[in-house]
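Put chain D on the given structure of chain S with help from the hints.
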Amino acid sequence: MLENYSKQVNRLLKNIKIGDRVLVKKGKKNYEGFLMPRADTGDKDSIVIKLDSGYNIGVKYERGMKIKKLKRAPKKTVEVEYKKIKFDPNKPRVAMVTTGGTIASRVDYRTGGVHALEKPEELLANIPELKDIAYLKDVSSPLKKMSEDIDYKDWQKIAKEVAKQVNKNKGVIVTHGTDTMHFTSAALSFMLKNLYKPVVIVGSQRSPDRGSSDSFMNLICAVRIATSNIGEVGICMHGSTDDHYCYFMRGTKVRKMHTTRRDAFRSINEMPLARIFPDGKTDILNKRYKKRDDSKGVVADIKFEPKVALLKVYPNSDPEILNFFIKKGYRGFVIEGTGMGHVPTSAKKSWIPPIKKITKDGIPVVIAPQTIYGRINPRVYTNLRILFNETKAIPGEDMLPETAYVKLGWVLGHTKNLEKVRELMLTNIAGEIAERSEIDAFLV
Amino acid sequence: MIDYKKIGFKCGLEIHNRLDTKTKLFCNCKPRFSEKQPILIIKRKLRPVAGELGQVDVAAMYEYLRDRTFFYNCYNEETCLICIDEEPPRVINKEVLEIALQITKMLKADIPNEIHIMRKIVIDGSNVCSFQRTAVVGLNGVLGTSLGKVGITNICLEEESAGIVKQDGDEITYRLDRLGIPLIEIGTAPDIKNPEHAKEVAEKLGMIVRSTGKSQRGIGVTRQDVNVSIKKGARVEIKGVQELDILQDVIENEIKRQLGLIEKGETPKEETRVALEDGTTKYTRPLPGGERLYPETDLAPIIIDKKLLSKIRIPETWEQKAKRFSKFLPKEMVNQIIKSEYLEMFEKLHKKYDPLLVASTLTSTTVYLRRSGIDVDVSEEQFDELFSCVKKKEVSKEAIPEILEIMSKEKILVKDAIEETGLKVLSENQLREIVRKILRKHKDLVEKERFSPLMGLVMKEVRGRIAGNMVAKVLKEEMKK
Numbered sequence: 001m002l003e004n005y006s007k008q009v010n011r012l013l014k015n016i017k018i019g020d021r022v023l024v025k026k027g028k029k030n031y032e033g034f035l036m037p038r039a040d041t042g043d044k045d046s047i048v049i050k051l052d053s054g055y056n057i058g059v060k061y062e063r064g065m066k067i068k069k070l071k072r073a074p075k076k077t078v079e080v081e082y083k084k085i086k087f088d089p090n091k092p093r094v095a096m097v098t099t100g101g102t103i104a105s106r107v108d109y110r111t112g113g114v115h116a117l118e119k120p121e122e123l124l125a126n127i128p129e130l131k132d133i134a135y136l137k138d139v140s141s142p143l144k145k146m147s148e149d150i151d152y153k154d155w156q157k158i159a160k161e162v163a164k165q166v167n168k169n170k171g172v173i174v175t176h177g178t179d180t181m182h183f184t185s186a187a188l189s190f191m192l193k194n195l196y197k198p199v200v201i202v203g204s205q206r207s208p209d210r211g212s213s214d215s216f217m218n219l220i221c222a223v224r225i226a227t228s229n230i231g232e233v234g235i236c237m238h239g240s241t242d243d244h245y246c247y248f249m250r251g252t253k254v255r256k257m258h259t260t261r262r263d264a265f266r267s268i269n270e271m272p273l274a275r276i277f278p279d280g281k282t283d284i285l286n287k288r289y290k291k292r293d294d295s296k297g298v299v300a301d302i303k304f305e306p307k308v309a310l311l312k313v314y315p316n317s318d319p320e321i322l323n324f325f326i327k328k329g330y331r332g333f334v335i336e337g338t339g340m341g342h343v344p345t346s347a348k349k350s351w352i353p354p355i356k357k358i359t360k361d362g363i364p365v366v367i368a369p370q371t372i373y374g375r376i377n378p379r380v381y382t383n384l385r386i387l388f389n390e391t392k393a394i395p396g397e398d399m400l401p402e403t404a405y406v407k408l409g410w411v412l413g414h415t416k417n418l419e420k421v422r423e424l425m426l427t428n429i430a431g432e433i434a435e436r437s438e439i440d441a442f443l444v
Numbered sequence: 445m446i447d448y449k450k451i452g453f454k455c456g457l458e459i460h461n462r463l464d465t466k467t468k469l470f471c472n473c474k475p476r477f478s479e480k481q482p483i484l485i486i487k488r489k490l491r492p493v494a495g496e497l498g499q500v501d502v503a504a505m506y507e508y509l510r511d512r513t514f515f516y517n518c519y520n521e522e523t524c525l526i527c528i529d530e531e532p533p534r535v536i537n538k539e540v541l542e543i544a545l546q547i548t549k550m551l552k553a554d555i556p557n558e559i560h561i562m563r564k565i566v567i568d569g570s571n572v573c574s575f576q577r578t579a580v581v582g583l584n585g586v587l588g589t590s591l592g593k594v595g596i597t598n599i600c601l602e603e604e605s606a607g608i609v610k611q612d613g614d615e616i617t618y619r620l621d622r623l624g625i626p627l628i629e630i631g632t633a634p635d636i637k638n639p640e641h642a643k644e645v646a647e648k649l650g651m652i653v654r655s656t657g658k659s660q661r662g663i664g665v666t667r668q669d670v671n672v673s674i675k676k677g678a679r680v681e682i683k684g685v686q687e688l689d690i691l692q693d694v695i696e697n698e699i700k701r702q703l704g705l706i707e708k709g710e711t712p713k714e715e716t717r718v719a720l721e722d723g724t725t726k727y728t729r730p731l732p733g734g735e736r737l738y739p740e741t742d743l744a745p746i747i748i749d750k751k752l753l754s755k756i757r758i759p760e761t762w763e764q765k766a767k768r769f770s771k772f773l774p775k776e777m778v779n780q781i782i783k784s785e786y787l788e789m790f791e792k793l794h795k796k797y798d799p800l801l802v803a804s805t806l807t808s809t810t811v812y813l814r815r816s817g818i819d820v821d822v823s824e825e826q827f828d829e830l831f832s833c834v835k836k837k838e839v840s841k842e843a844i845p846e847i848l849e850i851m852s853k854e855k856i857l858v859k860d861a862i863e864e865t866g867l868k869v870l871s872e873n874q875l876r877e878i879v880r881k882i883l884r885k886h887k888d889l890v891e892k893e894r895f896s897p898l899m900g901l902v903m904k905e906v907r908g909r910i911a912g913n914m915v916a917k918v919l920k921e922e923m924k925k
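Chains S and D are the protein sequences, given in the same order.
Oh and the first sequence: position 341 is 341 in our numbering, straight run, nothing missing.
Adding 444 to a residue's 1-based position in the second sequence gives its number in our numbering.
Here chain S stands alone, though its shape is the one from the complex:
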């Protein structure tokens, strides 16, 4: 069975394989070319033929239509063997951990199909200048997933692999799909205990099959940061729409802020740690970072409670959703409040009674800002005071909702004691809470 082709087309294509040269006879019309695979879009009844001009067309199935094999497809599709880069062992040793995503995908130029890279080393093949920056010897691939499918078990896997590599190398780069990259960066920030080396997460918004992909510069800058003096987890992606420089942004203070732009990742509530140019020039933009200390060893502290929900209130929102999760055995909540952290209070559907009940039962409820920027304030308005004093919800400071969510899961993985949870949630563990709200940290 040829995938995505209809039953009747498959019947017609019996003994014909993708890549075979064929002649399709349909009424008086003839079409000659190579049989191509079908994508999951379009008409399953149309046979895709690559004409000699290079163009593909779809020829729709019709009763009486004939297809003849003219020549068998070459046994192996001719593919350019990627050139292995010879790395220099005298350069700083950096490990690469690949997890999947756009950056680790490739297009089959013949069929247009997008596949995960067979060998993660292929990623480096198009970037010969890496050999002048680092000795990239340890390449491992604990998973191959698009990031929308990544879950906490994957975070644990990645954390373990990274911890192993950190202790052998000057730094580690982690290639990752961009959608949930900032969740993974937060998870690694909490899970990599005693980290004093750079762990750089990098991805791409334009796939590396095109010459204009952002992946090349992102990778170069990521490898450069991996040899730098910064001892933290962070994300390294384009700083602007230009192919000019990347930002290295703290793993707990960064978020994907645009669906498609290459400069989608922005530092939230603080300046990016550094601006890195592909030639190695690095400007430190935020002095509040942990310095490298190669004498320390990292430990993967991966305990995590997955039964935590991330919810959002909005006009007319129904707090009944909380009961749904409670019945499912959930052990913690992060609620994105409006403004400084409000939830509907005197409204018909007030969230106050259920939150009160939940916290009374020892389940933490953390409030994070749905404004993304800024800090939760538990005092300014009566309704804030009701929420934080009467119900004992935990004000999430200036933590990103996603970071608060990951942190709560990690904290609950270590303790279920509500007071202990509250204390940890309000303590800065991995740069997730800024002591000061800096003036220049908005929309950078």
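Simulated from the structure, these hints should not be mistaken for laboratory data.
One should not assume that every hint holds.
[As the list claims (entries may be wrong)] Restraint-style ranges between C-beta atoms, simulated for each label pair:
1) S/Lys281 <-> D/Glu824: 50 to 56 Å
2) S/Asp279 <-> D/Leu731: 33 to 39 Å
3) D/Lys700 <-> S/Met1: 32 to 38 Å
4) S/Asp279 <-> D/Glu539: 32 to 38 Å
5) D/Asp749 <-> S/Pro74: 30 to 36 Å
6) S/Asp279 <-> D/Thr724: 55 to 61 Å
7) S/Lys69 <-> D/Gln686: 43 to 49 Å
8) D/Lys676 <-> S/Lys84: 29 to 35 Å
9) S/Lys44 <-> D/Val586: 30 to 36 Å
[Unchecked claim] Not close to chain S: a few residues of chain D, all C-beta gaps over 12 Å, as computed:
10) Asn571
11) Lys643
12) Val665
13) Ala678
14) Thr728
15) Asp798
16) Asp888
17) Leu901
18) Lys924
A quick note: this is a predicted structure, and the numbers were derived from the prediction, not measured.
Positions of the beta carbon are idealized from the N, C-alpha and C atoms, including for glycine.
Using the frame of chain S, we list chain D on its own:
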């Protein structure tokens, strides 16, 4: 005279024509040139990608691209995130698809049941994303010509590339307003018999595109690429012939060049050349191998079903149009207006005003002005206004050339041009006043009843403001007094 049959002349054309649609091919930007300053200049690099280039030496390509930096001028209404490769394309512009299908039907070509959008690799920076999106919408068509049928191998829809602004060493600047304007590309089989025939084919294909009423106008809107070869010669591709008038020269010159080489005992090489304004060509690069096309993975194939096809109406062909126009225009003028860039304007305006006046203004008058070095820059709205003034007798038709000249030179509106030139129509009384004044001044001529010199003197004063026969009538009357 060269005997083209004898020398084994083979020639095919590929014409590219920009379409005048509401939006670009894959985004909702305006498909036009911006007259404003760029709002942003972005900076990008391109890299060779192993695998995509096939046999091409990736290492060499890497060296070539390494130091190149591309700058792209972005404009407010003519560029968006899609144009700068920061967002995937939107679904194909329906309007464009329908125009392409119209053209395909007119050329009796097969329309695939499913159109697949492809990526054609381009690494000179003229496409921000390093490929051009293109799709074949018609195959195996035919064009009737005076020397028999010419096969149409394919009809494609594609995105226009970015226009180069300047190159400064390794830094190249492009403007992105042009990128993504819909282009229709029509390729013929090598059925063209001689250079003159090539011109006819190009002209006919151009008219077919224009008959949809959706062709852009102006220089550079249509470009012809020519593929030509002769016995013992080589296949040479000549790119970018922008003016139909030089197409014939370009082909003749290329044949002469190849014949010259053969005579000297040399063998012409397969290569790509670029057409220069004087009809000669310049070597650019060896002829590339087959174009590298791979599917555009961000867009689904377009299913062409009966319902869609039944909606596609074949527009009036130029033959039909000529027949219709010949009812109210002399034959010579019919030909002129059909080939004119003002055809669509004529279609609209001839119904409201004297068709002969509209046609002669849009053809001979504008041609005359251009020949005298005036770049006629007048919108349809303004032509409409001008003819309306003539109709209302606010200005005489004799004044049209002068008004157009002033409007184009000074970039002003019809009303202001009439005001400025003082070409407002004179009333009979005003004319009589002027005549009397002149008669008083030249009493000697009046006494000798010298009509012609007097007529000359009056006309000098009132030309373009009132009809000549009226002047003669009034002058005669006044001379009698």
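Structure-based check of all given hints:
no.	hint	result
1	S/Lys281 <-> D/Glu824: 50 to 56 Å	55 Å, holds
2	S/Asp279 <-> D/Leu731: 33 to 39 Å	38 Å, holds
3	D/Lys700 <-> S/Met1: 32 to 38 Å	59 Å, violated
4	S/Asp279 <-> D/Glu539: 32 to 38 Å	46 Å, violated
5	D/Asp749 <-> S/Pro74: 30 to 36 Å	35 Å, holds
6	S/Asp279 <-> D/Thr724: 55 to 61 Å	44 Å, violated
7	S/Lys69 <-> D/Gln686: 43 to 49 Å	45 Å, holds
8	D/Lys676 <-> S/Lys84: 29 to 35 Å	47 Å, violated
9	S/Lys44 <-> D/Val586: 30 to 36 Å	32 Å, holds
10	Asn571	9 Å, violated
11	Lys643	25 Å, holds
12	Val665	24 Å, holds
13	Ala678	21 Å, holds
14	Thr728	21 Å, holds
15	Asp798	49 Å, holds
16	Asp888	81 Å, holds
17	Leu901	70 Å, holds
18	Lys924	81 Å, holds
When held up to the earlier numbered hints, the structure conflicts with 3, 4, 6, 8, 10 and fits the remainder.
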